[in-house]
Structures are given as C-alpha cells and as structure tokens.
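2 protein chains.
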Amino acid sequence: MLDVCLLGTGGMMPLPGRFLTSLMVRYNGSNLLIDCGEATQIAIKKKGWVFKPIDVICFTHYHADHISGLPGLLLTMGNAERTEPLTMVGPRGLERVVNALRCIAPELPFEIRYHELTEPEEHLEINGYHITAFKVQHNVVCYGYVLEIPRGGRFDAARAKAADIPLPYWSRLQKGEVITAEDGRIFTPEMVLGPARKGLKVTYTTDTRPVPSIAAYAAGSDLFICEGMYGEPEKEKKAREYKHMTFYEAARLAAQAKPEEMWLTHFSPSLVYPENYLEDVRRIFPETHLGKDGKSITLTFDEK
Amino acid sequence: MLDVCLLGTGGMMPLPGRFLTSLMVRYNGSNLLIDCGEATQIAIKKKGWVFKPIDVICFTHYHADHISGLPGLLLTMGNAERTEPLTMVGPRGLERVVNALRCIAPELPFEIRYHELTEPEEHLEINGYHITAFKVQHNVVCYGYVLEIPRGGRFDAARAKAADIPLPYWSRLQKGEVITAEDGRIFTPEMVLGPARKGLKVTYTTDTRPVPSIAAYAAGSDLFICEGMYGEPEKEKKAREYKHMTFYEAARLAAQAKPEEMWLTHFSPSLVYPENYLEDVRRIFPETHLGKDGKSITLTFDEK
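First to last, the protein sequences are chains A and B.
Start counting the first sequence at 1; every next residue gets the next number (the numbering used here).
Start counting the second sequence at 305; every next residue gets the next number (the numbering used here).
Take the hints with a grain of salt, since some may be wrong.
Stated by the list, open to error - Just the calculated beta-carbon pair ranges, DEER-fashion:
#, chain 1, residue 1, chain 2, residue 2, range
1, B, ARG476, A, GLU236, 51 to 59 Å
2, B, GLY352, A, ALA196, 54 to 62 Å
3, A, PRO269, B, ARG417, 50 to 58 Å
4, B, PRO573, A, GLY93, 28 to 36 Å
5, B, GLY352, A, ASN79, 43 to 51 Å
6, A, PRO269, B, PRO537, 19 to 27 Å
7, B, ASN383, A, GLY93, 50 to 58 Å
8, B, GLY352, A, PRO212, 50 to 58 Å
9, A, PRO286, B, PRO413, 42 to 50 Å
Stated by the list, open to error - Per the computed footprint, the stretches of chain A lying under chain B, defined by three or more beta-carbons under 8 Å from a beta-carbon of chain B, are:
#, stretch
10, 94-105
11, 122-130
12, 156-167
If you are wondering where the hints come from, they were derived from the structure by calculation, not from laboratory data.
Remember, predicted model here, so these are calculated numbers, not experimental data.
Idealized CB from N, CA, C, for every residue including glycine.
Only chain A is shown next, with the shape it has when bound in the complex (with noise of 0.2 Å):
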C-alpha cells in the first residue's frame, strides 16, 4: 500500500490556496518528500501526515520554490524528536546549498546524509522505495523521479513441499531472504516464488520541457503527476523560453506512457482557473486530472 499525497500544486510563488507543487508518499512506515518550497511544512500538517518519518526528501533542482521550505521543515522533524539519519537525494550542489540553508537551522538531532546526482540515470533503494532519477530539460539541472514498490511471485506452497523445505523457512523465503539450512543444504526464493507480480510505479516531474526519454520513464505508471505550468494554447512560446510544459505537452506524454491516471501539477500564479482547460486535455489523454492541495490516492497491489 502506498499513500500518495501532491502537497502543493503551484509553481513559482506560493499562494493562499496553492502551495508550492511538492509530493509526500508514504510505505511501511517510511514517507519520502519530492522537493520542499516555502510552505510545505504548513501542507503537511494541513493533511495530516507526520513530520517524524521522513526518510528521504528528493529535489529535483534548486530553484527557490522547490526548496525554499527546507531549513523549516528539517527544524520541525527534529522538533518532532526525530534522531534517525535523513538521506537527501539531489543534482550535484545538494550539500553545499543546503548547507547555506542551513545557517538558521544549524543544530539538527539528526545526521543529514547526501547522494548528489551526476549521471543522467541513477537508481537509490531505500526503506522498499525503488527510486529511479531522470535527468529532463529545465534551464538549470533538474531531474525526475520515479519510484516503484516491486512486488515479488506468488508462493507455491507445493513446490515448497516438493522441495522439503522445512515450513519455518517458508515467510523468510517469501521475503526474498536465501537460507542455509543446518543439514548444509541451500534454499533459494526462485524455489518457491512465481515469477514477479506488477508492483506499483509513481513518475513524478515537473520543470521541464517534454523530452520523450519522460514517457519512457513513466510508461506503465499508476500514477504520472507532471508539470503544466500553463493552460492557455497560446502559452507556448513561453513554455518553451521558460522551459516548462502547457497541459497539451503534457497530455501528449501521458498519451505515451499510458499510465492509469495523470495529474498535472506546477500551475503558474497566472493560471487563476485550470479546470477551464481540461476538457481540451482530456481529448489528448482522457485519465488526466487536475491536481489540487492535498489530493491524495493510495495505491495497492492488484488483487487479480
């Protein structure tokens, strides 16, 4: 089960109604943020959800409005008595900007530990979240994420039995674990586990234009929730210099990737009325949704 929340919704500046555009998501007990604006703190405790688990916090770049929120939040946790290390994933600078943050947040309970981004690709595993970052096309570095909860076979309890695998060995076998048994004899989960199972996938990117290697990533999504900083047509040309996406660009990379719904997200401070274009986006990609402060979706393994 995973619980997706998109905190916030807008791009640029935060305002009253719509917060900066940051994702919160949560699984076995362990939540991870994407980016972290002025005010997303407030869009936390506003939902509801916890300060205390935060393991991990992603940015995709370091413009103000992604991260801004940051020395505030991490003085919470540690107002939350938080002592575990907090993992930070981010472009190369992560530490030396958030070190500058940091001048009024100096004195933290917990150890901040860093993974800076250099490849175009990379790959984290952390507390069951599989994350995938994915350079895209902003006017600084900025990356995507996508992050997926495999899901292992199904066990066949026969050929368990067939095997004579002794039954206490049979839920640590589940959970992927190899086990030498005491006679000397090696048991392997391929022994009793079906072939893997469709987990769940959640792409998220915003900041940039609509380069295609992001339909790739976020092919087969449960869940994309993609930037459309402009809703006019006519937009752009703006997008363009700016480096952002309309809603069009967007749905046409929804089209793609074929997730089962798409939100779209980082709505500029002019776009007073998104829902007036939807109609027109949905004749591109018909699952996509406006996404709204505290919208939220959990995810669960299919049951078929």
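Once you have looked at the hints, place chain B on chain A.
Coordinates of chain B only, in the frame set by chain A:
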C-alpha cells in the same frame, strides 16, 4: 495615516491558520516589514497588500521562524518588478545570513542595502519612518523596534503674515523646509509652526524576556505589539528558560508602558486556545487584545 497589519501570530513553526509572526506597516506609499518567516509572502497576499513598495525589512534576530521566508519574498518582489533599492536592518551578521539564504535567490533586479545594528539603541530615518531599534533579551542578540511618524506643529497664518512671509513659501515651510528668499531673508519653519504635535507610535517586540527597558521604549505607544509565547501561568518557568514571555509578563510591561492598546502574538504551537487566558490578562492590562493573522488597524493623527 499609518496602516499596521500583524501578518501572522505564530512562533517557532507556521501552522495552517497561524502563520509566523511578522508585521507590515504602510505609510505614504512606502511599506516596512518586520521579520519574514516562512509563508510571510502568503500572508501578505492573503491580506491583499502588495510586494513592490516594501522599502525596508527589519529583523529582530535570525532564528528561522523570523527570516526563513526571505528568499521567496525577495524573488516575489523581483517578479513584482521592483527596481528601487531595498534597505535591510538587523543585528550584526545580517549581510552574511542574507547572502547565505540568497544561494537560492541570487538574481534580483534591485539592490539591497544593509544596516547592521551594533549599539544597544540605534535610530534610523527612512521614508518618513523614524525607527528606533532597541536591544532586548533573548538567547541570541535580538532587537525590538519603535516606529514613529512624527507630526509637526500647527501652521500659524497670523505669524506668517506678521513676519511678512510671501504666500508661495507657506506650504514649503509647513513641510519643514528652510527657505532663503531672493532678497536674502531666511525663513525657518519655527517662525510659523507651533510646537510639535503628537505623532503616531507603534512598538514591536518578540523573542525576549520582559526586561524593564521594553516598557520605557513602548511608553505612550498607540499600539504595542508584544510576544506572548505562553498563556498558561505555569509556563513562566519555561518562558524564563527559553527567553520568552507569558501573557502576564507582557501585560505587566503594558501596564507600565500604558499604550492605547496591546496586541499579543508569537504564540507557541502548543497554545491552541489563547482566548482562554484573555480575561485573566485583562485584569493586569485591560486594553490587551489577542493578535490574529491579518489583524490590522489604521492609525490616524489626533484631530484634537
């Protein structure tokens, strides 16, 4: 006419419905802000006040809840096409802290001028604001501020006529100008103005123990905005430890200073119902009011 708005009333961390404590005033087309915690720009937008005319930002100190909103505010002021210089006032370290935070707001279309406070008391005059910064007692160097709009004496037409001052000079003398006439005669405002009349005075202090000098600075204010971190009388020990005040300590200062009214602010996140303590506090100083996000008042010169 001086408009005063308490943008937020929280201390430590911003909450939904209770942003961090900061003050904005407007006088004669020039805005002055004291402190700028996370989400201050949202509070300004919510109030409907504007960013471009912010000419001065004063800081009490550099704990995150008083300055974390600065990079975002500066960018938003830049987006509002401000090009005039901005003056910042605050304790020693101002330029270093602001430059560190500006790692995420490096390019601004206006200049920043720094005034670092080094004396226990300093006076500045900017755009008609007479500012007195006074040192208070927190766990880091912290200042309170008195903002005054002085008011000249009444113009005495009879004296002007008696002194044979030509009519075109009258309004210039009234504005305080010293004039050398073409015939060499010198006219001074004192020749035509009565004694200075009562101006407007607002005193603002947060993050301090109730040292007696505060009452002296706040004496005779139209409005005294004072921190009240705790409403629960039993938290006086905590207030002493963290260098804050209870409502009752603030009210005792007000009882000495005798402002027209006092607004309490900078409530602890643990203080959910500050109104529960108001009756008791008013026994000490009847004109105590609870601050509320966006609470504002327009102060006008006495018409007596």
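Check your understanding: If you check each hint against the structure, which ones fail?
Key -> Checked against the structure, the hints that fail are numbers 3, 5, 6, 7, 8, 11, 12, while the rest are satisfied.
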